[in-house]
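*Asks:* One line per chain: the protein sequences are F and X, in this order.
204 is the number that numbering that gives the first Met the number 0 gives to position 205 of the first sequence; each next residue is one higher, with no gaps.
66 is the number that numbering that gives the first Met the number 0 gives to position 67 of the second sequence; each next residue is one higher, with no gaps.
Keep in mind that the hints are not guaranteed to be accurate.
[Claimed, not checked] With the C-beta cut set under 8 Å, the calculated list includes, among others, these residues of chain X facing chain F:
no., residue
1, Val-42
2, Lys-45
3, Glu-48
4, Pro-66
5, Gly-69
6, Ala-72
7, Pro-75
8, Pro-76
9, Ala-89
10, Phe-99
11, Asp-102
12, Asp-105
Keep in mind the hints are simulated off the structure, nothing from the lab.
Glycine is no exception: its CB is placed at the ideal position from the N, C-alpha and C atoms.
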Amino acid sequence: MQFDRRELMKLLGLGGVVLGSGLPGFSLAASKGQPAQDFMFLQLSDSHWGFSGPPNPQADRTLKEAVAAVNASKEKPDFIVFTGDLTHTTDDDALRRKRMAEFKAIVADLRVPKIYYLPGEHDASLDKGQAYQENFGVLHQSFVHKGVHFIALDNVSDPTGAVGDTQIDWLKSELGKLDKDAPIVVLAHRPLFDLYPQWDWATADSAKVLSVLEPYRHLTVFYGHIHQENHRTTGAIAHHSAKSLIFPLPAPGSLPKKAPVPWDPEHPGRGLGFREVEVKDRGRTLALEEYDVRGGRV
Amino acid sequence: MRRLCSALLLGLLAGLGSAAAEAPVPRVIKITAKKFEYSPSEVHIKRGEHVVLELTSLDRKHGFKLPELGIRADVPPGGTARVEVTAEKAGRFPFACDVFCGDGHDDMAGTLVVDP
Numbered sequence: 000m001q002f003d004r005r006e007l008m009k010l011l012g013l014g015g016v017v018l019g020s021g022l023p024g025f026s027l028a029a030s031k032g033q034p035a036q037d038f039m040f041l042q043l044s045d046s047h048w049g050f051s052g053p054p055n056p057q058a059d060r061t062l063k064e065a066v067a068a069v070n071a072s073k074e075k076p077d078f079i080v081f082t083g084d085l086t087h088t089t090d091d092d093a094l095r096r097k098r099m100a101e102f103k104a105i106v107a108d109l110r111v112p113k114i115y116y117l118p119g120e121h122d123a124s125l126d127k128g129q130a131y132q133e134n135f136g137v138l139h140q141s142f143v144h145k146g147v148h149f150i151a152l153d154n155v156s157d158p159t160g161a162v163g164d165t166q167i168d169w170l171k172s173e174l175g176k177l178d179k180d181a182p183i184v185v186l187a188h189r190p191l192f193d194l195y196p197q198w199d200w201a202t203a204d205s206a207k208v209l210s211v212l213e214p215y216r217h218l219t220v221f222y223g224h225i226h227q228e229n230h231r232t233t234g235a236i237a238h239h240s241a242k243s244l245i246f247p248l249p250a251p252g253s254l255p256k257k258a259p260v261p262w263d264p265e266h267p268g269r270g271l272g273f274r275e276v277e278v279k280d281r282g283r284t285l286a287l288e289e290y291d292v293r294g295g296r297v
Numbered sequence: 000m001r002r003l004c005s006a007l008l009l010g011l012l013a014g015l016g017s018a019a020a021e022a023p024v025p026r027v028i029k030i031t032a033k034k035f036e037y038s039p040s041e042v043h044i045k046r047g048e049h050v051v052l053e054l055t056s057l058d059r060k061h062g063f064k065l066p067e068l069g070i071r072a073d074v075p076p077g078g079t080a081r082v083e084v085t086a087e088k089a090g091r092f093p094f095a096c097d098v099f100c101g102d103g104h105d106d107m108a109g110t111l112v113v114d115p
């Protein structure tokens with residue numbers, strides 16, 4: 000039996016939020032060479048495959064539930080982006096690779112045309128991205144999809160959480176090819192601004208990175224790391240963090256100590272989920288909808 | 000005249016020496032860092048007190064970041080980092096490791112308490 004995605008989410012009682020014109024100045028006018036067309040992609044983040052513990056007693060199922068929920072949808076995304084912490088960290092190099100292999104096997108079931116991966120510090124900080132590159136390829140990259148320029152940054156393989164001058168030079172070079180009005184989506188794991196550095200929710204050289212991004216008038220950032228939705232702007236740039244697929248974390252600075260929000264047996268999976276980003280109205284609106292993974296198994 | 004100048008200079012130097020001698024020596028507070036904790040994890044100083052935090056790593060590279068006072072340092076493995084702190088405002092100021100050090104990195108945090 001196949002469900003329309005929206006019907007499915009409605010049936011499952013899953014909430015959504017649309018932040019269409021909430022993205023400041025976001026207008027996907029056609030960029031050079033490729034006319035912008037409507038499309039949809041999904042952002043999944045922070046699955047921490049390999050984690051076990053009270054914050055998620057169903058940790059071996061949550062990612063699989065998300066995969067099932069995506070596959071159950073009639074409306075398919077053009078692609079999925081995983082914004083880091085695919086696996087939970089370990090000091091054991093062999094176990095790290097085992098977790099990555101298991102993660103890949105699970106997401107191989109996703110029936111989508113393309114998946115882009117970004118590293119998180121749990122995947123890539125302890126070995127500077129070695130195992131990650133063996134399993135998922137490059138640490139940073141750019142691609143163009145239907146006229147929209149995507150740039151995936153690595154702010155984790157340096158364990159200090161910096162992007163680094165070499166990658167910033169590459170970023171300048173990539174953006175330098177584009178018109179200041181070009182539609183651009185930047186992907187990263189950690190926030191590219193000082194969201195709450197007291198909890199290490201920042202990028203060490205964010206000031207340098209933002210100074211490179213700021214001249215571009217239609218640029219939006221999607222990131223993970225903080226295991227919750229958060230929507231902020233710096234200048235004209237909108238920054239949107241995604242829910243995780245393992246356990247939620249408290250709002251920035253809301254508690255004296257950062258710790259996972261306790262699992263609620265009455266509401267298993269509360270606070271977990273993934274995001275749909277719909278680029279529509281001939282690119283004039285970027286709409287976000289948030290989906291819960293509870294009951295995603297159909 | 001030369002004698003007067005010398006006396007003035009000597010007096011000036013003596014004054015400077017005296018001022019230097021009277022400058023309070025900052026209290027040194029030793030903090031050890033290891034996966035995944037600082038010890039002590041809560042450090043008390045008095046408002047306006049000038050202290051030196053002497054951080055020593057017992058295992059690997061760690062970081063020390065105290066954003067509200069604009070302080071950060073690398074704490075190298077087997078080495079020591081010294082950071083000077085003078086807090087003009089009383090309160091509780093969290094610090095954390097900002098060099099990812101493994102499972103438990105998120106727990107590696109502490110608080111500088113500036114007492115009134």
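*Asks:* Work down the list of hints and note, for each, if the structure agrees.
*Replies:* Evaluated hints:
Hint on X:Val-42 is violated. Least Cβ distance to chain F is approximately 15 Å, over the 8 Å limit. For X:Lys-45, the suggested interface contact is broken, since its CB lies about 22 Å from the closest CB of chain F, more than 8 Å. Annotation: interface hint on X:Glu-48 violated; nearest CB of chain F at approximately 22 Å, more than 8 Å. Below 8 Å, beta-carbon pairs count as interface contacts, and X:Pro-66 has one with chain F at about 4 Å; its hint therefore holds.
Below 8 Å, beta-carbon pairs count as interface contacts, and X:Gly-69 has none with chain F, the closest being about 10 Å; its hint is therefore violated. Hint on X:Ala-72 is violated. Least Cβ distance to chain F is approximately 11 Å, over the 8 Å limit. Restraint check, X:Pro-75 versus chain F: the minimum CB separation of about 13 Å is more than 8 Å; hint violated. Restraint check, X:Pro-76 versus chain F: the minimum CB separation of about 13 Å is more than 8 Å; hint violated.
Restraint check, X:Ala-89 versus chain F: the minimum CB separation of about 17 Å is more than 8 Å; hint violated. A least Cβ separation of about 4 Å between X:Phe-99 and chain F falls short of the 8 Å threshold, and the interface hint therefore holds. A hinted interface residue such as X:Asp-102 counts as satisfied when its beta carbon comes closer than 8 Å to some beta carbon of chain F; here the least separation is about 5 Å, so the hint holds. Proximity of X:Asp-105 to chain F holds as hinted, the smallest CB-CB distance being about 6 Å (cut-off 8 Å).
Against the hints set out earlier in the document, violations occur for numbers 1, 2, 3, 5, 6, 7, 8, 9.
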